[in-house]
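Please build the complex by placing chain B on the supplied structure of chain A, with the hints as guidance.
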Amino acid sequence: MSEEKTKVADIDRSLYDFRYEEDERDFLGSGITADIIGALSDEKGDTDWMREFRLRSLEIYRRMPMVNWGPSIEGLDVDNIVTYIRTKSRMNSDWNDVPADIKDTFEKLGIPQAERESLAGVGAQYDSELVYHNVRKEVAESGVVYTDLESAMHDERYAELIRSHFMKLVPPTDHKFAALHGAVWSGGSFVYVPAGVKTEIPLQSYFRLNARGAGQFEHTLIILEENSSLHFIEGCSAPKYYEAGLHAGCVELYVGRNASLRYSTIENWSKNMYNLNTKRALVEEGGKIEWVSGSFGSHVSYLYPMSILNGRGARAEFTGITFAGEGQELDTGAKIVHNAPDTSSYINTKSISKDGGISTFRSAVTVNEKAVGSKSSVSCESLMLDSISRSDTIPVMDIRTDKADVGHEAKIGRISDDTVFYLMSRGLSEEDAKAMIVRGFADNVSKELPLEYAVEMNNLIGLEMKGSIG
Amino acid sequence: MSQLLEIKGLTAGIEGKTLLHGIDLTVGAGETHVLMGPNGAGKSTLGSVIMGSPEYAVSGGSILFKGEDITDESADKRAKRGIFLSFQDPVEIAGVSLSEFLRNALEQLTGKHTKLWDHKKKLKQCMEILGMDSAYADRDLNVGFSGGEKKKAEILQLLVLEPQLAILDETDSGLDVDAVKTVSAGIEEYKRRTGGSLIVITHNTRILDALKVDKTHILAAGKTVAEGGAELAGDVIEHGFERYINGGK
Numbered sequence: 279m280s281e282e283k284t285k286v287a288d289i290d291r292s293l294y295d296f297r298y299e300e301d302e303r304d305f306l307g308s309g310i311t312a313d314i315i316g317a318l319s320d321e322k323g324d325t326d327w328m329r330e331f332r333l334r335s336l337e338i339y340r341r342m343p344m345v346n347w348g349p350s351i352e353g354l355d356v357d358n359i360v361t362y363i364r365t366k367s368r369m370n371s372d373w374n375d376v377p378a379d380i381k382d383t384f385e386k387l388g389i390p391q392a393e394r395e396s397l398a399g400v401g402a403q404y405d406s407e408l409v410y411h412n413v414r415k416e417v418a419e420s421g422v423v424y425t426d427l428e429s430a431m432h433d434e435r436y437a438e439l440i441r442s443h444f445m446k447l448v449p450p451t452d453h454k455f456a457a458l459h460g461a462v463w464s465g466g467s468f469v470y471v472p473a474g475v476k477t478e479i480p481l482q483s484y485f486r487l488n489a490r491g492a493g494q495f496e497h498t499l500i501i502l503e504e505n506s507s508l509h510f511i512e513g514c515s516a517p518k519y520y521e522a523g524l525h526a527g528c529v530e531l532y533v534g535r536n537a538s539l540r541y542s543t544i545e546n547w548s549k550n551m552y553n554l555n556t557k558r559a560l561v562e563e564g565g566k567i568e569w570v571s572g573s574f575g576s577h578v579s580y581l582y583p584m585s586i587l588n589g590r591g592a593r594a595e596f597t598g599i600t601f602a603g604e605g606q607e608l609d610t611g612a613k614i615v616h617n618a619p620d621t622s623s624y625i626n627t628k629s630i631s632k633d634g635g636i637s638t639f640r641s642a643v644t645v646n647e648k649a650v651g652s653k654s655s656v657s658c659e660s661l662m663l664d665s666i667s668r669s670d671t672i673p674v675m676d677i678r679t680d681k682a683d684v685g686h687e688a689k690i691g692r693i694s695d696d697t698v699f700y701l702m703s704r705g706l707s708e709e710d711a712k713a714m715i716v717r718g719f720a721d722n723v724s725k726e727l728p729l730e731y732a733v734e735m736n737n738l739i740g741l742e743m744k745g746s747i748g
Numbered sequence: 026m027s028q029l030l031e032i033k034g035l036t037a038g039i040e041g042k043t044l045l046h047g048i049d050l051t052v053g054a055g056e057t058h059v060l061m062g063p064n065g066a067g068k069s070t071l072g073s074v075i076m077g078s079p080e081y082a083v084s085g086g087s088i089l090f091k092g093e094d095i096t097d098e099s100a101d102k103r104a105k106r107g108i109f110l111s112f113q114d115p116v117e118i119a120g121v122s123l124s125e126f127l128r129n130a131l132e133q134l135t136g137k138h139t140k141l142w143d144h145k146k147k148l149k150q151c152m153e154i155l156g157m158d159s160a161y162a163d164r165d166l167n168v169g170f171s172g173g174e175k176k177k178a179e180i181l182q183l184l185v186l187e188p189q190l191a192i193l194d195e196t197d198s199g200l201d202v203d204a205v206k207t208v209s210a211g212i213e214e215y216k217r218r219t220g221g222s223l224i225v226i227t228h229n230t231r232i233l234d235a236l237k238v239d240k241t242h243i244l245a246a247g248k249t250v251a252e253g254g255a256e257l258a259g260d261v262i263e264h265g266f267e268r269y270i271n272g273g274k
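First to last, the protein sequences are chains A and B.
So the first sequence is numbered by the working numbering: it starts at 279 and just counts up by one.
So the second sequence is numbered by the working numbering: it starts at 26 and just counts up by one.
Quick caveat, the hints were computed from the structure, so don't treat them as lab data.
None of the values given here were measured: they were computed from a predicted structure.
Backbone N, C-alpha and C define an ideal beta-carbon position, used for all residues, glycine too.
Chain B side only, calculated, beta carbon under 7 Å to chain A, not exhaustive: (1) Asp101; (2) Ile118; (3) Gly120; (4) Leu134.
Simulated pairs of lysine-lysine, BS3-like, Cα-Cα distance not exceeding 27 Å: (5) Lys725(A) - Lys149(B); (6) Lys725(A) - Lys146(B); (7) Lys33(B) - Lys240(B); (8) Lys145(B) - Lys725(A); (9) Lys216(B) - Lys102(B); (10) Lys725(A) - Lys140(B); (11) Lys446(A) - Lys476(A); (12) Lys216(B) - Lys149(B); (13) Lys175(B) - Lys105(B); (14) Lys725(A) - Lys147(B); (15) Lys653(A) - Lys681(A); (16) Lys175(B) - Lys689(A); (17) Lys175(B) - Lys725(A).
Chain A with its partners taken away, still in its complex shape (with noise of 0.2 Å):
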């Protein structure tokens, strides 16, 4: 067993862990003036409000103070992260036209193949840009658009969609982060279901950062009209580094009345990275939002995705799980406010810490004065695997209507010696036992997601688990 005894932060990694050395003159620099946003502008070819938009966030961005009331944020230096490198190819729809190390990083994420299977289409974000992009035939027949946002902007069909959509429910005066976002977002996929549109087979964006202090600033926008449904994963995985990293993307989900949106997300950032994510949905009358969503990587995660609830009936589900390990603090949770009658919200979340890992969960849900004869459930379950790791939970609720049904449920719990001995009194390995106890804990938040991806965390609760025991 001794050879099994190695520090969590020595694990190997390498399929995760990859990178390839970077062009220097791909590089825009560092810092973030009103010069590098305008030779962001230029290099997009920015129409004029979002070149103003740019700049105006860049302001609210120098204004707004620092985040204080979660982990701490201090080893990140937002001016010395570059915040958007080029890659060296251009949009490709065909693989064979991806440059060869580029493809060879996806191919190691298992990419092409998962696409071949079963998914009906790849935007995945190499860097700061697209590089490969592919719906199928039939996703797009049925008037599915599933394409990057930076060219659907200069698309005249899409154009004043996405200027109406864009930032409105995440406005850069949202947080400081959000502001950051506004000034330097690049990249990102703009999906947009037509009313009536049934979308089978799950869309798929896999991103992840590769250029040493890069920033990653993708933006995603889904539309759903009326009576529509769609299921989007996104998956990120990024290299290991030495400097801070930074991620700051922006997911804005509009789902209409009747339609249905499940939003996947499995996160793997390497440990030394700072997730300061941003996502909402906004739910008309008789909608429904399902959250699924993974956190295993990052130094410090702050991740709450929200539901606003804004027609009768509207619904909103939140599955998530986090696990923290050592040097990692992981706050997440997810927020929903009730702004109809016989609005529903479901919050089921799993949290693991192990080696000096904190796990931190917050919810908010809000009940407002007119979402009479509205429920909602918040159940939060965690795990800690030894004496030195954290879990903490926060649950805000802030009811205003007494016609509601609101409830709240938190567990937290160790693995009790008395189950790792009877798993190795049938041949497991305390580790292997362990982590076949973390896997059952996670098995409802696999359950939701599609095959490849339950494959993938419980590969990644195995690599987490190895050398847990010391």
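Just chain B, lined up with the frame of chain A:
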């Protein structure tokens, strides 16, 4: 004749309190031994120590399995050698199905990949012997199982994993007459298939009816106070432990 299990002068306890005082026990291949004694005699402790429970510390003596010293080995290594313990109070594991768990255990024990189809077939066949509804295979391990179902699930594991030595810790306790019969049939089937050895910890002879008992050991206060053949078990059930505890050997 080779001995499967040889325990010599085993002394063990928990947090400074000695629970087993110099136990000797030898089990030959294919033999069935019965372990009896009043509550707190150390029977379950002995079973757990043979299996390698980290809860107990061994302070003296040794445990040999097929001639090799396993006294300091971890439970998983002992399991791989062919030792199995049917727990008195099996644990519940949420999110892991009985079938998935058993396949995983089988692969760990044999070091070989088990085909899903073959595994399901074998599992179904073993469940039939125990009169278990096949739906239990896909349920979370022991979660929400009744006491009887948990015990059946232990014997199911015995049938699937086919160890060389099985310690059954009060597998019959808390079972109704019919359930004891079913469990006994499962144990009999295990013997028939594998010719494995048994150490049966019990308070009554009903579970033994279908088995040919080779030896009975009476434990009291962590010591062996009497040993004999199959008849000793019957005698204890009829007359109680008193005479053995007070009269000594």
